[in-house]
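**Student:** The primary structure of each chain is shown beneath.
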Amino acid sequence: MQVPLSAYLILSAFLFIVGVVGVATRRNALIIFMCIELMLNAVNLTFLAFARFLNSMDGQIFVFFVMVVAAAEVAVGLAIIIAIYRNRETVDVAELNLLKW
Amino acid sequence: MLETLIVMLVKIVVVFGALLLAVAYMTWIERKVIADIQVRLGPMRVGPHGLLQPIADGLKLMFKEDLIPSQVERVVFLLAPSLSIVPAFIAFAVIPFGDTTTLFGLLAKPVALHITDIDVGVLFVFGVASLGVYGIVLAGWSSNNKYSLLGGLRSSAQLISYEVSMGLSVVGVLILAGSLSLVEIVKAQAGLYWWLGMLPIPRWFIFSQPLGFLIYFTCALAETNRAPFDLPEAETELVAGFHTEYSSMKFAMFFMAEYANMITVSALATTMFLGGWLGPIGPSPVWFLGKVFLLLFLFIWFRATLPRFRYDQLMSFGWKRLLPLALLNVVWSALWALRG
Amino acid sequence: MELVIFTGLALVAALAAMLVIVQRHAVYSALFLIITMGALAGIYILLEAYFVWIVQVIVYAGAIMVVFLFVIMLLDIRREPDPWTPPGRGRILTALLLSVVLLVELGMAVAQRLVLPPSGAPSVAGGFGTTQTVGRLLFTDYLFPFEITSVILLVAMVGAMVLAKKRLT
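Protein chains in written order, with the numbering used here: chain A, 7 to 107; chain B, 379 to 718; chain C, 400 to 568.
So here's chain A without its partners, still in its complex pose:
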């Protein structure tokens, strides 16, 4: 029996929800970043599932571009986290509150 499209979509939705919960609850900037990557992976899965079930290669090409952009984003994001750590000695986002009124 073939795996139905809804199975892939449910898995993707679950991974996305886990990513969102991680971003909303954790305070460590690196773990928040990892949860963003988890969300990107969930979206990749959705793209590929629809590409296969709608018989269109557009989904796979888009996944390729998502991966490239994710790699670029990780490089710059981690560089920013390193720069923040050098300044404030912490990666706890609750401590980054200089602009808070």
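Worth flagging that the hints you see were computed from the coordinates, not collected in a lab. Model, not experiment: these values are computed from the prediction.
Under the rule of at most 30 Å between Cα atoms (straight-line distance), these lysine-lysine pairs were calculated in the DSBU-like manner:
1. C:Lys-564 x A:Lys-106
2. B:Lys-438 x B:Lys-410
3. B:Lys-442 x B:Lys-524
4. A:Lys-106 x C:Lys-565
5. B:Lys-524 x B:Lys-438
6. B:Lys-524 x C:Lys-565
7. C:Lys-564 x B:Lys-698
8. B:Lys-524 x C:Lys-564
9. B:Lys-698 x C:Lys-565
10. B:Lys-389 x B:Lys-487
Going by beta-carbon spacing under 7 Å, a handful of chain B positions derived as facing chain C:
11. Val-498
12. Leu-501
13. Val-511
14. Trp-519
15. Leu-558
All residues carry an ideal CB built from backbone N, CA and C; glycine is no exception.
Starting from the known structure of chain A, fit chains B and C onto it as the hints suggest.
**Tutor:** Frame of chain A; chains B and C shown alone:
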């Protein structure tokens, strides 16, 4: 269905067993060849000409006391050697050892001498090699030891730097072969050139991609942490690098991983540049093994002869000299392919 | 058979993803994320993405996560004594309201059969999802985004180097 499963299981067992034996006897071959280059004899006592030396070494390592320091991150500490050795062995699943064979007529259907042939074989080996970096970096970190951490980070920085040039150096081969599958790459090297109308030269890619082969071999030396790029694990540097706190079987696993990686990159270089299992006469696995041993001899020869690079020299060489050369090779191969 | 493989890989991916967000130490989170990405690469093979799965292994699991681990180890991130921020009452109410709205919407979509049925085996000239097809499309229909991504990568490299450089004063 059952028959293909059994054939595959037999192939896996044979390849895995042969690889373990090869890794063990690589240590013996290395010691003997280095001894010969240094005009001495090498191991001679344990068995005739020291042939049982690897077994003695293995037993010694197994019976040594297995120390686990109290402040290490236990789970990662115990996991890291496996993370180092498993990718080294998995990469062999796609390497072709020979043509289809019927085992001298014993089998009804001809069986292909590779465990599997995926259509992205080259990328698979590179992907698995990049997973091998985790064993080193996690071993260095989990040891809870400044020197191990620095040694692990240095070693993995070296590995990921040379991975880039390694990937680019085989693009020329891919352009010539037209496929990422290793079996197709070997088949594209069949046939002969007739140089000056008289001299037959096989159509191996080393003759049409000499720069690619040189860059690939240099990167392979760096990827396997072999001399002259073996600063992270030289005994006189940084205590012992990332495997300082390891003893007994876990330490042995790191070294088995290094030798297995050596055999893997040699097998990959044979497949992509030296024509794989192609040879004029005789059984194809013999040709494959012969070429792999030739490259392994080169590895050992380099270790015995060359002094090692300093770390900053090593990184500067990888990024400032090899990477532009590899890119130049890609552009040159593309131009050559486009012109006809 | 495909169902068995999918169920196994999906359970691994879901479990590893849940374990990513509950670890006290960032290194264990990174390791579980690597497992999640590996399981997803397996699922991509089931979806006939014969090039994308190996790119996922090489780029995501083999490069991006290595960079994460490097940064965690260089910044010496320690075990967190108190990782969870308990949400306030306003936040819990907003979350419940949004979940109810989304569930109603999902119910309406399913009831109106907006979820598409699976079609037959996909087919594209050159094979669906093979390297040849992806390469051909990248250099013909999607050439402009392809060239733009090379510029993006250059900008990201320069940006990362400038931001993380040590100030030699």
